[in-house]
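Build the full structure now, drawing on both the sequences and the hints.
Spelled out, the chains give:
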Amino acid sequence: MTRLILRRLLVSVLVLWVVSLLVFVATLLLPGDPARAILGQQATPERVAALQHQLHLDLPVWQRYLDWLGGLFTGDLGTSTSTQGPVTALLGDRVSASLVLLVVAAVLATPLGLALGTWSAIRRDRATDQAISGISLVIAALPEFVIGVALVVLLSTTVFKIFPSVTITAPGETVWDEPAQLVLPVLTLVLVVTPYITRMMRATMNEVLDSGYVEMARLKGVRERTVLVRHALPHAIGPVAQVVALQLAWLAGGVVVVEFLFRYPGIGQALIDAVGKRDVAVVQAVTLLIAAVYIVVNLLADVVGILANPKLRTEAGR
Amino acid sequence: MTAVELPRTAPPDAPPARSGGLFRTAWTFPKAKIGAVLTIVVVLIALLGPWLGPVLTGHTTTDFAGKPFKHDGVFGTDGLGRDVLTRFLAGGTTLLLYAVLATALGIVLGALLGMVAGYGGGWLDSLLMRGNDVLLSFPQLVIALLAIAVIGPEGWLLVLVIGLTHAPRTARVARQATVAVRGQDYIRAAEMYAVPRSRILLREILPNITGPLMVEIGLRLTYSIGYIASLSFLGLGIQPPSADWGLMINENRIALVVQPWGVLLPVLAIAALTVGTNLVADALASAAAGRKREAHA
Amino acid sequence: MTAALEVTGLAVSTVAGSPVLTDVSFAVAPGEVLALVGESGSGKTTAGLAALGHFRRGLAVAGGQVTVAGVDVLSLDAAARRRLRGSTVAYIPQDPALSLNPALRIGLQIAEVLETHGYEGSVDERVGSVLAEVGLPADAAYRRRYPHQLSGGQQQRVGIAMAFACRPAVVVLDEPTTGLDVVTQALVLKTVRALTAEHDVAALYITHDLAVVAEIADRVAVMYRGDIVECGPAATVLRTPSHAYTRRLLDAVPDPDAASAPPPPEDPVLATRDVSVSYGQHVVLRGVDVSVARGECLLLLGESGSGKTTLSQCIAGLTAAYSGTVSLAGTSLAVSTRQRSDEQRRRIQYVFQSPFSSLNPRKTVAQSIEVPLTRLTSLSRAERRARVDEMLDRVRLGRALADRLPDQLSGGERQRAAIARALVTTPDVLVCDEVTSALDVSVQATIVELLGELRRELGMAMLFVTHNIALAGEVADRIAVLQGGAIVEEGPVRDVLDAPSHDYTRELLAATPRL
Amino acid sequence: GATYAAPVPAGPPKPGGRLRVGVTGGGASDTLDPHIPATNPDIARVINLYEPLLIRDHDYRLQPLVAQSLKASPDARTWTAVLRDGVKFHDGRPVTPADVVATFKRIMDPKDPKSGAAGLTMLAEVVPSGDRTVEFRLNTPNAGFDDLLGQYSLGIVPADFDLKRPIGTGPFKAGSFTVGQQSTFTRNEHYWRPGQPYLDELVLINFADDDARINALLSSQVDAIDQVPVALVDVLNSDPRIQVLAAETGTWLPFTMRVDRPPFDDVRVRQAMRLVVDREQMINQVLSGQGRLGNDLYAPFDPAYAKELPQRKQDIDAAKKLLAEAGHSTLDVELVTAPIQAGAVEAAQVFQQQAKAAGINVKIRKLDTTTFYGENYLSWDFAQDFWYTRNYLPQVANGSLPKSPYNETHWQDPEFIALVTRAGSTVDPNARADLIKRAQKIEYERGGLIVWGFVNQVDAHRKYVAGLVPDRTGISLSGYQFRNAWLGTGKEA
Ligand SMILES: Nc1ncnc2c1ncn2[C@@H]1O[C@H](COP(=O)(O)OP(=O)(O)OP(=O)(O)O)[C@@H](O)[C@H]1O
Ligand SMILES: Nc1ncnc2c1ncn2[C@@H]1O[C@H](COP(=O)(O)OP(=O)(O)OP(=O)(O)O)[C@@H](O)[C@H]1O
Ligand SMILES: [Mg+2]
Ligand SMILES: [Mg+2]
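Protein chains in written order, with the working numbering: chain A, -19 to 298; chain B, 24 to 320; chain C, 293 to 807; chain D, 98 to 590.
It cannot be assumed that every hint is accurate.
In the DSSO-like style, the derived pairs of lysine-lysine whose C-alpha atoms are separated by at most 30 Å in a straight line are [said to hold, decoys possible]:
{"no.": "1", "chain 1": "D", "residue 1": "Lys404", "chain 2": "D", "residue 2": "Lys418"}
{"no.": "2", "chain 1": "D", "residue 1": "Lys534", "chain 2": "D", "residue 2": "Lys410"}
{"no.": "3", "chain 1": "D", "residue 1": "Lys560", "chain 2": "B", "residue 2": "Lys90"}
{"no.": "4", "chain 1": "B", "residue 1": "Lys90", "chain 2": "D", "residue 2": "Lys410"}
{"no.": "5", "chain 1": "D", "residue 1": "Lys185", "chain 2": "D", "residue 2": "Lys168"}
{"no.": "6", "chain 1": "D", "residue 1": "Lys261", "chain 2": "D", "residue 2": "Lys202"}
{"no.": "7", "chain 1": "D", "residue 1": "Lys453", "chain 2": "D", "residue 2": "Lys410"}
{"no.": "8", "chain 1": "D", "residue 1": "Lys202", "chain 2": "D", "residue 2": "Lys168"}
{"no.": "9", "chain 1": "D", "residue 1": "Lys418", "chain 2": "D", "residue 2": "Lys534"}
{"no.": "10", "chain 1": "B", "residue 1": "Lys93", "chain 2": "D", "residue 2": "Lys453"}
{"no.": "11", "chain 1": "D", "residue 1": "Lys538", "chain 2": "D", "residue 2": "Lys453"}
{"no.": "12", "chain 1": "D", "residue 1": "Lys460", "chain 2": "B", "residue 2": "Lys90"}
{"no.": "13", "chain 1": "D", "residue 1": "Lys538", "chain 2": "D", "residue 2": "Lys404"}
{"no.": "14", "chain 1": "B", "residue 1": "Lys93", "chain 2": "D", "residue 2": "Lys410"}
{"no.": "15", "chain 1": "D", "residue 1": "Lys404", "chain 2": "D", "residue 2": "Lys168"}
{"no.": "16", "chain 1": "D", "residue 1": "Lys560", "chain 2": "A", "residue 2": "Lys141"}
{"no.": "17", "chain 1": "B", "residue 1": "Lys93", "chain 2": "D", "residue 2": "Lys460"}
{"no.": "18", "chain 1": "D", "residue 1": "Lys538", "chain 2": "D", "residue 2": "Lys410"}
{"no.": "19", "chain 1": "D", "residue 1": "Lys500", "chain 2": "D", "residue 2": "Lys404"}
{"no.": "20", "chain 1": "D", "residue 1": "Lys418", "chain 2": "D", "residue 2": "Lys538"}
{"no.": "21", "chain 1": "D", "residue 1": "Lys453", "chain 2": "D", "residue 2": "Lys418"}
{"no.": "22", "chain 1": "D", "residue 1": "Lys168", "chain 2": "D", "residue 2": "Lys500"}
{"no.": "23", "chain 1": "B", "residue 1": "Lys90", "chain 2": "D", "residue 2": "Lys417"}
{"no.": "24", "chain 1": "B", "residue 1": "Lys90", "chain 2": "D", "residue 2": "Lys404"}
{"no.": "25", "chain 1": "B", "residue 1": "Lys93", "chain 2": "A", "residue 2": "Lys141"}
{"no.": "26", "chain 1": "D", "residue 1": "Lys460", "chain 2": "D", "residue 2": "Lys418"}
{"no.": "27", "chain 1": "D", "residue 1": "Lys500", "chain 2": "D", "residue 2": "Lys538"}
{"no.": "28", "chain 1": "B", "residue 1": "Lys93", "chain 2": "D", "residue 2": "Lys560"}
{"no.": "29", "chain 1": "D", "residue 1": "Lys202", "chain 2": "D", "residue 2": "Lys185"}
{"no.": "30", "chain 1": "D", "residue 1": "Lys168", "chain 2": "D", "residue 2": "Lys534"}
{"no.": "31", "chain 1": "B", "residue 1": "Lys90", "chain 2": "D", "residue 2": "Lys453"}
{"no.": "32", "chain 1": "D", "residue 1": "Lys111", "chain 2": "D", "residue 2": "Lys185"}
{"no.": "33", "chain 1": "D", "residue 1": "Lys560", "chain 2": "D", "residue 2": "Lys111"}
{"no.": "34", "chain 1": "D", "residue 1": "Lys261", "chain 2": "D", "residue 2": "Lys208"}
Just so you know, these hints were derived from the structure itself, not from any lab.
Set out below in structure tokens:
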């Protein structure tokens, strides 16, 4: 089992490295000069020249890649061309802000999705099930900005004026100092993610509840609750972990639209801003970060899958 | 003597594996009917709209019907004073076209990759699937953001980028389906007669994975629509002065309180379209999974 | 003696309303084994599960009564039914691999029944004793195993142990030996017989194998399309069947003692020399030599996993690698079929084990049969079609079915189509890999008969692979017995059947149930 | 919550309180540097932290600030500034001539020239000429030099200025600052205007998105916002809690045609393009009526603005005729646009529609702002740009001379150059006005700019915010001069 996990880990590291290479190349292709991008209309030739000199844009490409890669290991993500400060300083707060959004959304959506999915499966083909699966099917189809706009109209500006529709943080304050402004972004993400988890959980549970061993457990006279907890749920862990992982990874990347909509000071906003400003170091850092989240989360899901499967657990362990 | 039990042949009312049968089975689900109706209505609007708009309203998509965000005409005017209904009617064609093209690209590419990886096996499989992992770990929106920053918001680029981001996901599904089919004796029978590998892929494997692929097409179409609309919403997709639903939402969102139609019509259309295609895809998935019609008295 | 299980006028139908059981009545006394036989889909499982008051999703009871140890099961509420299950009436499922929870240790799964029903006394001890009763090791290490760490036969015996753990009054066994090889099957049958006799348990034994019935049952009930068509003492029903379906079942049972033709002269058209195959550490074939002469039929006999399919596929060129040689009329062949010539490919043909997977479900029968013609001959389209039609007639399938898709055919018809595909290029050697084992007994007989006729008509050599020794007398001239990847005995059919020289062969013959 | 009508504060200004302002734009390049403000938040910060020698007031009149007066020598080559008494930096030190000299040295630093340097090319040196006086010596005579000094990006800073301690003479002192997010400011107790500022604290918050900014105002997350999308003026006006602040400005969003590139090198084509524009409709559709007609001339607040030139109107027939004469029965042009300012992309679309009537086929190429201002900025054949208002000569210096930093049209007319050069050194106002009017006539007849209108500045604030007035300079929210602002009652409600 350890070997299996180690191999999986090695592959992940390899994938991450290739991603880093691709990210670097992709950002090289960004047209336009960062110096000009920073100065905008104020870009007089003298000021452009001065700024370019400051930004060390004159080193050969491969050297810049090696420097950058080396920096990653020491926690140095490079220098932002637009703030001219370290990227880590620029992203620090934003990463934790996005993380808060992500974690809160995940912590709410995952158990909710699992519970709804299980409930739906237990009540298979009854009204509850049909309502849950119908609604989740519809919500799952809606693009996140449609959900977000609908929530703003409903809860913030037009119908009810309950929650703030944008996020404002004073310096030194963090986004969670004023929880009310987290409500709409979190709710949007929860609405986007929960239907997928619900549907997957329902499908998996249906399959498990139809399985021979669940039927056998019932024929043994085992109580329904025990059937569910001991015989059915453990089998849903593996496949559902995959979906939850996928959704979490989606959250990391898909948070861009939601952050844009709610002006949430996270990495998504930073990314849009950085692409516009040709702030290559920031683009690289954020992209790599999101990719790393994806890879790590998937790795975890695989490990959970391996641990939840006695066959893999026992066989590979020897 | 020992008799081995007849493996469960399809019960009389279970779905046969053919794709014609798949559609027929899927059609027995109410959700397929609702989905198809939603989709067809929106597609009809998208296809006939550009021609119907000027006839109904007397305005083209670009001329001015009044001041911005006023209630002139049936559904008022947009941010430039153009007729919302005309623009709404014309606004689905491009979205739909791009979504269909992107889906087609993603499916063809993904199915090909997945089938080759699944059938080839071995190092080829590992290589393709690790490459797939790399693509998958690249956040979809970031790819689009970078590509559009590099090249500009061109139509073909949208199709390409979205198609490409679909490909690895489709490849996974196609690979899984192929692996399930690969071990089947009819593939080995074809190999026994030295049928060329390309022909095995196209003639023996492809027809047998149409079930999951059909589901995938439905899902990818849903995502493509949402994705293109999202990009337009971020201002990166279809560009003005084109009439486009995603763009309309972006342009008119600001006046949601005064003149909601400029947002509501396209939001409803996009919602109906994505929900419709998703319902159909889900019905196909249920049919492919062999679930019998929810028997309810 | 009063019946432990009594079913009267039971009717079950689907929720949609179509009947599954119409009017089923039978009774089983303590210590008695009632065999419930019938073809697939006749409703055996449905009737068996009704004894536990359980109906599968989509089915509902439509009338009748089920009494277990004096209790009217169907009138009980869910909780009371649950208390009955596992304690008074137990169930042994058809497929242990699917019915044991793969995530739970087997000891726990057995203990669970005891705990659920509040077993008085030491649960641990009882688990140990019931494991011993079914002939499994009772030590702690064994109990900590997961199902996937057991063989199929062991899994099935764990299932039996689970059923007998609470000393039930009634057990329902749903085809418990299907999928097991003859030796394991004999062991399981012995266990069941011993346990029922010892504890005075009433057993309902579901099967469609009449030979098994003869071994185990006191009485037989024959089911046909949801109805009991015949019921009586086993000896009576098997000797003087009154219903047409029962007779058909009986006729289909092959007779190992049937006479066969003398061996033809030695002239090997196909020969393997020292063929060995291993998958990693696992050696599957260890230097196998077999040869088949022109017009001869060699029966390759072996239990499941002995390497029969592997050998057949070496001959057909479908394995990745083997050592040794396979030669066709003296010329040695390349390992992979892709490296062999069209002519070589044409001369050796292979029929797969399962007709359900060997035909592409998206191709019509004619299209599938046409493939070898397209690949291996240069016939025109019209000529190919003519050959296909002719071949369809030959395998008694008829041209009418040419444009059907496989799922519009029955299993037997599909196997005929697969045979037609193998024969359409008139091969010299036909390798049949357990071509009948996926088929119902009655169908099995017709396929064996067809192959015999075709062999005589076309004069080809045949390698007939099977694990069913009962077929030997019907089809083969010679027998080769494969065990653990090596040939342990070889000789003319009569000699081997009458005077087996190897222990394994003797064991096989002894374990084979007979009427 | 319920919507209620807030009372408009009246009476004498009430000191104290905290004002939160939503400002458009900003991002990772946000800065507190006094001399390189680029975005709106930068400008708002600079205006409240620092003060230049002079500045244009709400009515576009040049007013002395750190300087008490600024006088030109008769030949307009030397300008002498007298510093105002009692003007102190945030740390309490008084402003000295040495500080002024150091400030201009920082701005004109040849290694790192700041934004203002481009407009001050004629400035030879800055020398202290007394206790309270500073002398500006010019290479070439310039009668409008006072105008050039009246820029917010020329704030006076102490000689030992360090960006880590951003000190100026402005009404507010720098508090905390989060790049791309927001900045806070506290009251400067040393401020020279008695009683001002009234607020204890000022918070400027970046908003990239119009929607978010307006929602923030509606949901009371900010007290005031700049740049209300014009289409929403009516909505906000109808909200009893909100006061819309609209100002007529000289801000313009021209189309720029390169006069040295075909097809625009033919003056008939340029005239045709100008005749195609229905300016009324442009203002209605693009600005929802929030603007004034333009006549292809800029600097409407200049005393010498050529009001007498007839207002150009749409004339499709004349345009067609001109095009035919120039040999174009139909004309295909590409218009490069970007969301450089609210209304830019919209104006491009309206123009496209209007040009159709004259058989001109306009293809719109929409770029992102960075690309627009990237390498090809100033070399697009046909594009747009955005300018706040200036007087005529400073605007010419910025955009209409061969060596101007932003000559988008590559305008290089010898007769025009001669006229403006003479005007630049003419001190007599009447003579100068005459020269300027002649130069304007040339641009009116053959220039490469299509100035279709001047944009009203529309901002909004909650009714409890007082002291904000319309400002004609084009800078938002009372010119971001929050020293005047104070909070009435009702804020906490
Ligand atoms: N859940 C169900 N819903 C509807 N029909 C069912 C269901 N389960 C079984 N049937 C139908 O009831 C009939 C009897 O099924 P059953 O499983 O009892 O047959 P069987 O004799 O046990 O067959 P086999 O030998 O294949 O196990 C079949 O025709 C089957 O299609
Ligand atoms: N691809 C493979 N990789 C590893 N082991 C294999 C593979 N194919 C077969 N085996 C092993 O080789 C042995 C022989 O398999 P084979 O299929 O030849 O048996 P068989 O005699 O045909 O059995 P059955 O009667 O069940 O069909 C088995 O133990 C099987 O587990
Ligand atoms: Mg059964
Ligand atoms: Mg086999």
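Hint check results:
no.: 1; hint: D:Lys404 <-> D:Lys418; result: 27 Å, holds
no.: 2; hint: D:Lys534 <-> D:Lys410; result: 21 Å, holds
no.: 3; hint: D:Lys560 <-> B:Lys90; result: 27 Å, holds
no.: 4; hint: B:Lys90 <-> D:Lys410; result: 20 Å, holds
no.: 5; hint: D:Lys185 <-> D:Lys168; result: 23 Å, holds
no.: 6; hint: D:Lys261 <-> D:Lys202; result: 19 Å, holds
no.: 7; hint: D:Lys453 <-> D:Lys410; result: 16 Å, holds
no.: 8; hint: D:Lys202 <-> D:Lys168; result: 21 Å, holds
no.: 9; hint: D:Lys418 <-> D:Lys534; result: 28 Å, holds
no.: 10; hint: B:Lys93 <-> D:Lys453; result: 24 Å, holds
no.: 11; hint: D:Lys538 <-> D:Lys453; result: 28 Å, holds
no.: 12; hint: D:Lys460 <-> B:Lys90; result: 24 Å, holds
no.: 13; hint: D:Lys538 <-> D:Lys404; result: 11 Å, holds
no.: 14; hint: B:Lys93 <-> D:Lys410; result: 26 Å, holds
no.: 15; hint: D:Lys404 <-> D:Lys168; result: 29 Å, holds
no.: 16; hint: D:Lys560 <-> A:Lys141; result: 19 Å, holds
no.: 17; hint: B:Lys93 <-> D:Lys460; result: 28 Å, holds
no.: 18; hint: D:Lys538 <-> D:Lys410; result: 16 Å, holds
no.: 19; hint: D:Lys500 <-> D:Lys404; result: 28 Å, holds
no.: 20; hint: D:Lys418 <-> D:Lys538; result: 22 Å, holds
no.: 21; hint: D:Lys453 <-> D:Lys418; result: 15 Å, holds
no.: 22; hint: D:Lys168 <-> D:Lys500; result: 27 Å, holds
no.: 23; hint: B:Lys90 <-> D:Lys417; result: 27 Å, holds
no.: 24; hint: B:Lys90 <-> D:Lys404; result: 28 Å, holds
no.: 25; hint: B:Lys93 <-> A:Lys141; result: 25 Å, holds
no.: 26; hint: D:Lys460 <-> D:Lys418; result: 22 Å, holds
no.: 27; hint: D:Lys500 <-> D:Lys538; result: 21 Å, holds
no.: 28; hint: B:Lys93 <-> D:Lys560; result: 26 Å, holds
no.: 29; hint: D:Lys202 <-> D:Lys185; result: 20 Å, holds
no.: 30; hint: D:Lys168 <-> D:Lys534; result: 25 Å, holds
no.: 31; hint: B:Lys90 <-> D:Lys453; result: 20 Å, holds
no.: 32; hint: D:Lys111 <-> D:Lys185; result: 24 Å, holds
no.: 33; hint: D:Lys560 <-> D:Lys111; result: 14 Å, holds
no.: 34; hint: D:Lys261 <-> D:Lys208; result: 20 Å, holds
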